[in-house]
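Chains as they are written, first to last, in this note's numbering: chain A, 1 to 333; chain B, 1 to 303.
Just to be clear, a hint being listed does not mean it is correct.
On the chain B side, residues computed to face chain A include the following (Cβ under 7 angstroms) [claimed, not checked]:
#1 L125
#2 E127
#3 L287
#4 L291
Derived coverage of chain A by chain B (criterion: at least 3 residues anywhere in the stretch with Cβ under 8 angstroms from a Cβ of chain B; other residues may be distant) [to be verified]:
#5 31-45
#6 287-298
Anything over 10 angstroms on all C-beta distances counts as not near chain B; from chain A, calculated [claimed, not checked]:
#7 P134
#8 Y161
#9 L167
#10 V175
#11 R195
The hints are simulated quantities; they were obtained by calculation from the structure and are not laboratory data.
As the structure is a prediction and not an experimental result, all values here were calculated from the model.
We treat Cβ as the ideally placed atom computed from N, Cα and C, and that holds for glycine.
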Amino acid sequence: MSVELVSYGAFFLTIALTYAIMCLGLNVQWGQTGLFNVGVAGFVAIGAYVSAILTTPATESHLGGYGMPIVIGWLGGALAAALISFLIGALTIRLRADYLAIATFGVAVVVQLCALNLEPVTGGPFGIGFIPRPFAGLAGSPLAFSLLNLGVLIAVVAAVYLSLERLVRSPWGRVLRAIREDETAAFALGKNAVRFRLQAFAIGGGVMGLAGAVHAHFIGFVAPDNYVPILTFQVWAMLIVGGSGNNRGAILGAVLVWGVWTASAAAISVLFPPEQQARAAALQIVMVGLALCAVLLLRPRGLLGEVRVVSRYLDPSARRFPAQEIATDARKP
Amino acid sequence: MIAQAIMDGLIAGAMIGLGAIGITLTYSILRFANFAHGELLSWGAYIALALSDGLGYLSASLMLPVGPFSFGWSLPLAAILAVALTGTLALLADALLFGRLRAKGGTIIIMVMASFGAALTLRSLLEFLFSTKPAYYSKALQIALPLGGEMRATPDQLLTLGLAAVLVIAIHLLLTRSATGRSMRAVSENQQLAGIVGIDVRRIIRIVWLLGAGLACVAGIMAGLVVQIRPHMGHDLLLPLFAAAILGGIGSVPGAMLAGLIVGLSEAIAVQVIGAEWRAAVAFVILVAVLLTRPQGLLGRAA
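Here chain B stands alone, though its shape is the one from the complex:
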């Protein structure tokens, strides 16, 4: 039982980690806790659903399952478009709301509040468009493969884990090895100073939104693939996302992924030991414990 809980925890943790990377990036560079980040997950998942169904309508062969997976080629194609569209949505929100507040010199907490308003608007809009009924990318059933040691996982779940690992390594390399990544870290250190040495701060902010929203979209599609798609999925994941971002240390990408896995594993073990109805409290307990003992997080620097 515990071995299976670890497997489930890793899969959930990979999704939480990807979402938390977006939160930690916006937090360290735009300097506010974005309560609308969960909604980017849900929007990503629904955009991919709409596109995938649209592609399947054009060509039914795209809906046929690929290899061992439950979905057809329509989903990966839709996912690529959905990442771009979710990024556009985030840029739009920045242009209409957050950017304007920044330009007016709004304080951090005004931005937090605006993100709270944006979150409710985006979530209710999804409810309006797609209703609260759960949706799925594919109706195909999958048989969990035995992995040895009592562990079982479906091919979809294994793909999710692999993709998350690849993405985390890619983002980490981007931040540490590329000129853009160095500029991003410079902006998160000191925005004015970075501007003075010739870094285009507005471009960096756009890149942060695109990256964060893209990762959120991928995490949302994964959650939709291995669980289900609901308008509230992002909202329900928001507390684990924040707990992971703070546990990992604000600004640290490896920290966010590691903490995401820790939160996911703790949730899965709590489900086994205490009961599924208390799952949502796990993230809160972790959050309180981190704030009490190590507010800078595992891999973060002291504020």
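Chain A on its own, in the form it takes in the complex:
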């Protein structure tokens, strides 16, 4: 019993952490740069499909089956998603802010359509199966298998988290936040807003692609139905609840929202008769939608808000004094 419980817990955390990677990617785009991506599901799908095509064993039914190592698949998925993000960003970022949103919405629709219709490449409605799982040789002992997988995901999340934290604290990250807060001022300091935004959008897209690839390797198959708009919505809810702009908030939000989501799905399957379950599932989405709107209205910062630091070398308590001195000095005639 306890072995099952532990391996279920490990499985739950593994899936939650794949969402955490998507959330971290979205945080680079939205939290740090203020770019609105409505097509998260599309970019995740690109990563998942590219990795699936690269790593599955040889087959006649669709393109690929190159049987490459899993790591190559993950990197390939991330690169492909980053490339598509770059192209979409290059098209729209110099235009009005919400054109990017509309274009990413279009990307999600088109990726879904390609997944369904480009059967020679994507396997059509049935998708691609037999995606190799890490440590597949240990599948005989569920506990070791799930714990090792969880370990892999913790390592991936930690790697993404640490490199993003490093990026955010770097001069590059400071420029991003400067552009988000006041584009004119940043431009006056010689920072090309379009170029920095484009880089951030591509990096965020790449992280989402990585998340999609990792996710595909844990569930073992990709199909068009995995990448519907509700996925975009879940990732957004995770980031907003956790606190946009804060990478730890992104991870916390992912685990929390995924926990609430699976718990409510379990409750629905217990409480409602089978013929009413599809309807009840719709109600589940209504509640998350209302929660998202409520958080936007009532607590826009989320659980863990963005930490406002210029540099970690400056102690916040020490910083206040010089700032005040400057302010009082300025007031002197």
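Go by the hints and put chain B onto chain A.
For chain B alone, kept in the frame of chain A given last:
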């Protein structure tokens, strides 16, 4: 075959155009891309369905087909009420969500995100209330009339086209010839300045929601009449709506209608030439082409 594709494209384009007018008006006056606009179409269609069935329950004679059309008097009566109710729904959304965000000084992109959340909520609520099964206003079958030159259309489809034309002309006259229309254009130019010269900006915003939602409701009822009613119908139309609004030029009503027809025709021709499964990609291709070559749209001014 091509002649028939043009007919089908015009009918689909008329619906897209009406929806796109609502998007372009909210976009130019409230200044954000409203992702919940598609849901106003679906809600309009379902409200009309519920009212029409209710009226038919009260008096069965209202359900008898009128003249050559497939529906009875219950549908036009329900449509008038549904336009009012969809407008109320939009005003409610503004009072509860968008208006509050505006008052808090929320940025454009926060409004876009809120509309995204509202869209999913509204759509799933429809799924909950009416289930995902397609519904119809009438079970009556209609025979397509030959119009000459290999073109055929049902009376319902011709009515749809005619009504769309009348509505577009009416909206265009309202915007260009009436005091309210002038105020609306003033608010879209410069909200603060318009307020200073004594225009009641909040009243204009209410009118924009009512107009946009009313047109969305009519477009939804048309789509329900000539295709079918599904909770996802508005969501599936959202990308064509945005493509038409941007192709026509944000803020331009004739542009939105013209672009709606262009999107509808391109979709119908693509269905003939490439295949029906790629229909949804047409709007995206148009959107990308417009953003690449003429981001201000056909009849819009350079931003």
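Comparing the hints with the structure gives:
1. The criterion of a C-beta within 7 angstroms of any C-beta in chain A is met by L125(B), whose closest approach is roughly 5 angstroms, and the hint holds.
2. The restraint placing E127(B) at the interface with chain A holds, with a minimum CB-CB distance near 4 angstroms, inside the 7 angstroms limit.
3. Taking 7 angstroms as the C-beta cut-off, the interface hint given for L287(B) holds, the closest approach to chain A being about 6 angstroms.
4. Interface restraint check: L291(B) against chain A, minimum CB-CB distance 6 angstroms, threshold 7 angstroms, status holds.
5. Under a criterion of three residues with beta carbons nearer than 8 angstroms to beta carbons of chain B, the stated coverage of the region 31-45 of chain A is upheld, 3 such residues being counted.
6. Given as covered by chain B, the region 287-298 of chain A passes the check, having 7 residues with a CB less than 8 angstroms from a CB of that chain where 3 are the minimum.
7. For P134(A), the non-interface assignment is confirmed: its Cβ lies about 33 angstroms from the closest Cβ of chain B, beyond the 10 angstroms cut-off.
8. With 10 angstroms as the threshold on Cβ separation, the claim that Y161(A) sits away from chain B holds: the shortest Cβ distance comes to roughly 24 angstroms.
9. Every Cβ of chain B is farther than 10 angstroms from the Cβ of L167(A); the closest lies at roughly 22 angstroms, confirming the non-interface assignment.
10. The Cβ of V175(A) lies farther than 10 angstroms from every Cβ of chain B, with a closest approach of about 19 angstroms, so its non-interface assignment holds.
11. The beta carbon of R195(A) sits about 18 angstroms from the closest Cβ of chain B, which is more than 10 angstroms, so the claim that it is off the interface holds.
Taken one by one, the earlier hints all hold for this structure without exception.
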